[in-house]
Structure formats: structure tokens, C-alpha cells
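Here numbering that gives the first Met the number 0 is used: the first residue of the sequence shown is 0, the next is one more, and so on.
What the hints contain is simulated information worked out from the structure, not anything from laboratory work.
Please note: incorrect hints may appear among the correct ones.
With a Cα cut of at most 30 Å, we get these calculated DSBU-like pairs of lysine-lysine [said to hold, decoys possible]: (1) Lys57 <-> Lys111; (2) Lys57 <-> Lys22; (3) Lys86 <-> Lys22; (4) Lys62 <-> Lys91.
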Amino acid sequence: MAASYPTLAPFVLKRPWLRNLLKPVANWYTNAAGYRQLGLRADDLIVEEDENVIKALKRLPPKEAYDRVYRLRRAFQASATHKLLPKNEWTKPEEDIPYLQPLINQIHAEEKEKQALDSLTVIRSH
Numbered sequence: 000m001a002a003s004y005p006t007l008a009p010f011v012l013k014r015p016w017l018r019n020l021l022k023p024v025a026n027w028y029t030n031a032a033g034y035r036q037l038g039l040r041a042d043d044l045i046v047e048e049d050e051n052v053i054k055a056l057k058r059l060p061p062k063e064a065y066d067r068v069y070r071l072r073r074a075f076q077a078s079a080t081h082k083l084l085p086k087n088e089w090t091k092p093e094e095d096i097p098y099l100q101p102l103i104n105q106i107h108a109e110e111k112e113k114q115a116l117d118s119l120t121v122i123r124s125h
């Protein structure tokens with residue numbers, strides 16, 4: 000996973016005792032963030048100004064792209080009226096799966112491979 004920010008996730012995930020210790024804190028933080036109460040998924044919060052994110056958004060299937068725009072518009076409307084969605088419309092934890100981050104990771108890998116191939120030097124031997 001290529002991240003443009005520092006992360007301790009691999010360190011925590013390799014240690015089950017630490018993962019079990021931090022899991023309740025992570026769940027509390029996710030609920031406190033409030034994006035699920037607006038019907039959003041975590042990948043809806045990724046900033047669209049990055050070139051790789053724009054490429055990933057273009058690679059989304061049409062239905063997923065439509066659903067994303069719908070979730071964002073509904074969240075903006077709820078935010079503008081200072082109201083949360085009804086509880087039955089909140090995003091459930093099992094529905095909050097990454098849909099954009101795998102595409103971003105794929106684009107990062109493609110760019111890394113392209114850069115490696117572009118800097119490749121060919122040595123001819125006679």
C-alpha cells in the first residue's frame with residue numbers, strides 16, 4: 000500500500016495484542032468522526048485535488064461513481080440543514096469498505112513501475 004502520509008498501520012497489524020488494544024479506540028474514533036451519520040463512506044473523504052485520485056475517480060465503474068456523487072450530495076444537504084440522516088440511512092460498518100483506495104494504490108504502483116522502466120539503462124554487449 001503506497002501512502003503519501005506516514006502510517007503506523009503495518010506496525011500495529013503485525014502485533015495482535017496491539018491491534019486488540021487499539022481496536023476499540025479506532026471504532027470510537029470512526030463513530031465520533033460523524034461521516035457515517037451523513038451516509039458517507041471513508042473513501043468519500045479522500046481529497047480530490049491529487050492527480051492520482053482524479054485518475055482513480057475516472058476508473059470507477061459508472062454505478063460506483065453515481066453512488067459516490069449521490070452520497071456526497073446527500074451529505075452536503077444534511078450538513079447545510081444541520082441535520083443528520085435518519086439512523087436507518089447511516090452507513091453501517093460492514094458497508095464502509097474501501098472502493099477508491101485500491102484504485103489509488105494501483106495507480107501508485109503503475110507510476111512506480113513506469114518510473115523504474117523510464118530510468119532503465121540498456122547496456123549493449125558485443
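To see whether the hints hold, each was checked on the structure:
no. : hint             : in the structure
1   : Lys57 <-> Lys111 : holds, 20 Å
2   : Lys57 <-> Lys22  : violated, 33 Å
3   : Lys86 <-> Lys22  : holds, 23 Å
4   : Lys62 <-> Lys91  : holds, 19 Å
The structure is inconsistent with hint 2 alone, although it conforms to all the rest.
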